[in-house]
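*Asks:* One letter stands for each residue in the lines below.
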Amino acid sequence: MSQENSLEIKNLNIEYLTRSGTVHAVKDASFSVAKKETLGIVGESGCGKSTTGHAILKLLPSNARTKGEIVYKGRNVLTMPEKEVRHLRGKDISIVFQDPMTSLDPIMRVKDHFLELMRAHKPNVKEEEVIQTASEALEAAGVSKKRLDNYPFEFSGGMRQRVMIALGIALKPNVIVADEPTTSLDVVVQEQIMEVFRHLKKTKDMSIVLITHDLGIVAELADKVVVMYAGEVMEYADVYNLYKNPLHPYTQLLLKSVPNIKIDDMELHHIPGSLPDLKNLPQGCRFYDRCPFAKEKCKKEEPPIFKVDKREVRCWLYE
Amino acid sequence: MKRLGLLILSLILVISFGSKSFAMSKKDYIIAGTTDKITSLDPAKAYEYFSDNILQNIMGGLVKYIPGTTKIVPDMAKNWKISKDGTVYTFKIKKGLKFSNGDPIDAKVYAFSINRVIRLKQNPAFLLADVVKSAKALDKYTLQITLKYPYAPFISILAFTISYPVDPKVYPADKVYNGIPVASGPYMVKKLVRGQEIELVRNPNYYGKKAKTPIILIKIYREANNLYMALLSGEIDLAYRTLLPQQLKQVQKNKKFKTYTGDSPFIREIVFNVKAKPFGNAKLRRALSYAVNRKQISKEIFKGQVTPLYTLIPAGMWGHKNVMPHYHIKKAIKMLKSLGYSKSKPLSITLWYSPSHYGSTESDVALMIKNQLEKTGLVKCKVKYAEWATYVDYWTKGVMGMFLLGWYPDYFDPDDYMWPFLQTSASPGMGSFYSNKKIDKLLKKARTITSIKKRARLYYKVQKIMAKQAPYIPLFQGQQHVVAKPNIRGIIMDPVQIFRYYLLSK
Amino acid sequence: MLSEKIGKNIKQLVGDSSGIMFLVGLFLLIIFVIMAVFAPYLAPYSPIKPTGAPLLHPQASHLMGTDNLGYDVFSRVIFGSRMAFSIAAIATVVAAAIGIPTGLIVGYIGGKLDSVITMIMDSVYTFPGLILAIAIAAMLGQGLINISLSIAVVYIPTYYRVIRSQVVTIKSELYVEGARAIGAKSPTILSKYVLPNVLPSTIVVLSMNIADAIMTEAGLSFLGLGIAPPTPDWGYDLSKGQQFILQNDWWLVVFPGLAIILIVLGFSMFSEGLNEYLNPNIGEKR
Amino acid sequence: MRILLSIPMILIILTIVFFVLRVLPGNPVLAMLGPKAPPEIIHAMEHQMGLDKPIIVQYFIYLSHIAVGNFGTSSYTSLPVLQELLQKFPATFELTFYSMIIAVFIGIFLGSYAAYNFGKPMDIFARVYSIFVYSFPVFWFGIMLQLIFGVWLHWLPVSGRSAPFMIPNHIYTGVYTLDAILNGQWDVLTDAIKHLVLPSFTLGVVISSIFVRMVRSNVLLSLSSQYVTAARARGESEKKILFKHALKNSMPPILTIMGLQFALLLAGAILTETTFSWPGIGNYLITRISYRDFPAIQGAIVFFAFFVAVISILVDIVNAWIDPRIRY
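Chains as they are written, first to last, in the numbering used here: chain A, 1 to 319; chain B, 1001 to 1506; chain C, 2001 to 2286; chain D, 3001 to 3328.
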């Protein structure tokens, strides 16, 4: 695709082992993020987009099993020793979580979070330096530096998310993963947080992996888009073409059936059929049940990725 | 973590190079161990073996026993006179006697002390209160005690701790004194940590022969096991009261220790409440007494460390005569049958005991007697227990028909083994409620005369009647045991069971 | 359908550590139950009569030796299980019979009564149970029933608290509101809607309590406040055996001690496994 | 707040015990004086002890006395009960304190490592440990340790607080390890520590089973929370995550439960004290029960209740110190 990639995901497979069976959360996902580029990952909840985002920092729970590669600076994060991955986290790649209410340690001041972040990568760092860096980052995220000594419970949800973003950008990482950063916030605050991201995209030299189900945000911010369904990448394209001419029936349905171009769980049920059981997957295409163009082959065989122009799509229609 | 390690290290260093707390020659002290506990060291309140025994080592009285005998000789008294009717005792007290704090001991002090005991009304007060009419100092060195009635064993009571003088300047006249005792004996208490240890040091003002060893430390252990472990580990020089029978038996084989054994005036018996059914029947009581095998109890539970007893007056005391029938199960069966009991219609009774007051062997004793009685095949015996306080309440209220009891004398005289058990007004206190006019008469007479020979004859008569009536089944007489390292000298097994720490040396 | 479900459950049980725990616990309990039920057939001798020389070492005729009165230790250990079960059962049943209804009713009614009773229950709950049991046992005196009662008193608050807190939550839930709306009477609501929802957790508490009760009984017996001899009782035998431990008569202490440990182990493994089965582990979410 | 809640707790326990003891059969005066005492002396003593008044009057008299710190006079030794309790209390405190340290140490390390290694051998070990140790009767475990380390190996003393002559010269606090340091008597300190090892280890290990379990489940809960993942995403090391985030956040619930378990510790202390001849309040209580020494028994129980209350207040204070949400 484009010139230089900060991050390349190749054939990523993720499974969860649970007492009641194996959950196939992500299957054969491949995509890449170029430098300074913003990649949007969209899909409804449970489609594996957050799992993929967490996998980038190797933050999956202990019952997760991964296969494939996540290449950062020429090395596979998934097989890197824990110690080295640790040095990537927060410094090279950082993440902003969905729920700001629980992402900050309730018994640590904001300052302590920054201290921890910087000490983890530079054990002997001076406190003045931390305060300096933290103030800048907070400023960039729209939080007054006066609040460094406050505890998380003294902040509103939106402010906490700003703090999380500040933590994410403090060490000027190459990649920041934003895992549904606005989902749990109310509409006004969502807009404020998006404003922060817009600002970041303009001012900072980093790649953003934006995981969301808000197609509007993706349209506005992303350069490229990955559409996921039931653990698989259904379509991978640049944002302009995707919106102009969606190839995959799922993408089409998404864009058509949701007038305000937001995928909310409630509205998604309007698409007939239901998500396949990830513990017990069908033989053929995972979208078969709900696909208006489904044919016999779709039921029997799982479609591979087909390249159409510079785009990728997983559908027999493009055989 | 690192800091903690450093702290521990420095602590270890300090400990290993630190100063020693005490530097004494090993000859200067003897460490004794016991499981007994102190209640009070005020003579007016002390009324159990250990407190009394400590008082016997730190205080003295008008008279005392010669060690190893039952003979009473003057101590602080120079001499005394008894009026013809036997009610007025006049004592001449030695001059220059002093308490450990330097205060003088004279007739006034004695009069104060005796009157104080009577006024305080503590546990043992009745010993004096029941007989003494008045005590007064005629002059500085003359004490006159007037009795309510002639009472032969009175001199024995004067040898008991209740009659020891206390310092009027220290001991309040109307309250029990709880501080460190003011001594008048060979030792004085230096340190008293209740439940842990008592340190005795020589009393510099003692008028008699000074104690052989400067310091005696008595360590107090909760139970026999702890005492025994301390003995084996060498922590203590001697163990006195009370190792378990099996431990004594084992330690007797141990060459590292020497065991001393002597008779104790302590006796055990089964009490029948003659007012309770079916124990009002003398024949039934006698039948049961045939079924009790004292030798088995002595041998199997106490490893031979008690002596079977067939009367209430212990062996070694004048007046003692084994009068009760020995074990004879066939006779027991015959008598029970003649009373109408059979295998299908057995005699159903309950035997009571108190689980901790007489040591941990007590439940075994009760169970063994149960088994012995049931061996007749005509008795169904239940065993029940009650804690001591409840037990005392039960027997004084007559709740229990048949129960185990023990007796340790207050004064060393047969009267103390007969009167409380058999005299009509005293027997309810023993839970027996036994009454016999003839016995009452004999006991009263024995109190008023002084001739031992004549008194002994009266007690023989009483014991004979008792053997027929069997209101009690005497079981055994205790022994006293001391286990000590071989280098400890001066251990005397006293018939009155006064353990004299001041004679010990090494 | 049902058999399939049971099959799946068994597979799950054996599948992981809590399942194994549950099964081992169950196994231990079954052994003790058999011991208690068939004691007269299993025990070689009467437990309350001398059957040999005193203090025999474990040997063919006396598998666990004899005590100082010649009683057979093996027979006493077997019969002792009856005592353990009876006391534990009576104590927990009495505690549950008082604690559960009180918790149900008081929790349902709420208000001042609730706060007063809860305060009393909490006080008893916070206070060291054994100490309270000691005081009550000393009052009631010897005997199976008395000891059971003094232990029961200690555990009433446990049931009360569990039940009350659940009732308070369930009370506000929709279906109870609904039942009230359609005019169901309070007793009906309690027995039909509230009780069935509260019971599962009670079973776990019950099973854990039995283990606790056995321990408390052993403690009381050890302190000399338990069962009067010669009734076979592990706690009493243990305290008695302690007097002989320095003579190396180890069997007097080891066997009754093991019996207590194993039965308590049985109950706690059983309840732990059950608990994890009923409330699946939080760890999985990690 | 807790202080206000503690007063009714002490009061309720006191009331229960007061009436429970009064129902006991037997007359304490008789037990004290013995059966030989004449009735008039018994009556005098009953009057002196207030036992001739109606029970409810006795109750209120007792309450008013307790309120001003008057625990009455022991009928067994004639000493003021409070004085006796204060003399015994340091022993109980010392034992429970060191046991608590051992239990907390085992609980925190084993519990949090188990949680951290969820499902791995370490975790299984911790679970087996806690369930096994929980089944140990305290006294049985104590006897076994006495047998092994005292009788067979002769490494450690098996009973009491001190060897002969090894009581600190000057008693400042009654806590021997502390007094020995204050006195500079290092041999006394070593001796006190030696005597503490077996009893505090016995009690500590038995109590630790519950702590291990509790710490494990609470740390598991914290470890599954978002802020732990967030900390990991900042590059924090696993060790620091475990101790700084997971453990520290689990502390308030752990401490609260530990505070509740303190009752269990005290119950265990009674059995430990009797097993090891430890001259503390538990030992005192058991001895005095058989003498029906009412003032002493009540005093000891009120003291225990008081102790429990103080601990729960302390737990609150520590929790506030850890958790800013409580503090503000």
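Treat the hints as calculated values from the structure; they're not laboratory data.
Incorrect hints may have been included.
Within a straight-line C-alpha distance of at most 27 Å, the following computed DSSO-like cross-link-like pairs (lysine-lysine) qualify [said to hold, decoys possible]:
| id | chain 1 | residue 1 | chain 2 | residue 2 |
| --- | --- | --- | --- | --- |
| 1 | D | LYS3194 | A | LYS122 |
| 2 | A | LYS122 | D | LYS3053 |
| 3 | B | LYS1190 | D | LYS3248 |
| 4 | A | LYS36 | A | LYS126 |
| 5 | C | LYS2049 | B | LYS1331 |
| 6 | D | LYS3194 | A | LYS145 |
| 7 | D | LYS3053 | B | LYS1397 |
| 8 | D | LYS3240 | A | LYS83 |
| 9 | B | LYS1454 | B | LYS1444 |
Residues from chain D shown here face chain B by an in silico Cβ test under 7 Å; the list is partial [unchecked claim]:
| id | residue |
| --- | --- |
| 10 | THR3015 |
| 11 | SER3078 |
| 12 | LEU3079 |
| 13 | SER3159 |
Just a few of them, taken from the derived set where beta-carbon distance is under 10 Å, the chain C residues facing chain D [to be verified]:
| id | residue |
| --- | --- |
| 14 | TYR2125 |
| 15 | GLY2257 |
| 16 | GLU2272 |
| 17 | LEU2274 |
Every value quoted in this text rests on a predicted model; they were computed, and no experiment measured them.
All residues carry an ideal CB built from backbone N, CA and C; glycine is no exception.
*Asks:* Taking the hints in turn, state whether each one holds.
*Replies:* Verification of the supplied hints:
1. For the proposed pair LYS3194 of chain D and LYS122 of chain A, the alpha carbon gap of about 45 Å is over 27 Å, so the pair is violated.
2. A hinted pair counts as satisfied when its Cα atoms are at most 27 Å apart, and LYS122 of chain A with LYS3053 of chain D does not qualify at roughly 77 Å.
3. Taking the CA atoms of LYS1190 of chain B and LYS3248 of chain D, the gap is about 51 Å. The hint is violated against a cut of 27 Å.
4. Between LYS36 of chain A and LYS126 of chain A, the direct Cα distance comes to roughly 30 Å. Violation of the 27 Å bound is thereby established for this hinted pair.
5. The straight-line distance between the Cα atoms of LYS2049 of chain C and LYS1331 of chain B is roughly 23 Å, inside the 27 Å bound, and the hint therefore holds.
6. Annotation: proposed proximity of LYS3194 of chain D to LYS145 of chain A is violated, straight-line Cα distance about 55 Å (limit 27 Å).
7. Distance check on the hinted pair: LYS3053 of chain D and LYS1397 of chain B sit about 21 Å apart at the alpha-carbon level, within 27 Å; holds.
8. Taken as a hint, the LYS3240 of chain D and LYS83 of chain A pair is honoured in the structure, with Cα atoms around 13 Å apart against an allowance of 27 Å.
9. For the suggested pair LYS1454 of chain B and LYS1444 of chain B, the alpha carbons sit about 13 Å apart, so the restraint of at most 27 Å is met.
10. Below 7 Å, beta-carbon pairs count as interface contacts, and THR3015 of chain D has none with chain B, the closest being about 22 Å; its hint is therefore violated.
11. Given the 7 Å rule on beta carbons, the hint for SER3078 of chain D holds: about 4 Å separates it from the nearest Cβ of chain B.
12. Annotation: LEU3079 of chain D was flagged as interfacial toward chain B, and the flag holds, the nearest CB pair being 5 Å apart, inside 7 Å.
13. With a least beta-carbon distance of about 4 Å to chain B, the hint placing SER3159 of chain D at the interface is held under the 7 Å criterion.
14. For the restraint placing TYR2125 of chain C at the interface with chain D, the shortest Cβ-Cβ distance is roughly 8 Å, inside the 10 Å limit, so the hint holds.
15. Proximity of GLY2257 of chain C to chain D holds as hinted, the smallest CB-CB distance being about 4 Å (cut-off 10 Å).
16. For the restraint placing GLU2272 of chain C at the interface with chain D, the shortest Cβ-Cβ distance is roughly 6 Å, inside the 10 Å limit, so the hint holds.
17. Annotation: interface hint on LEU2274 of chain C violated; nearest CB of chain D at approximately 13 Å, more than 10 Å.
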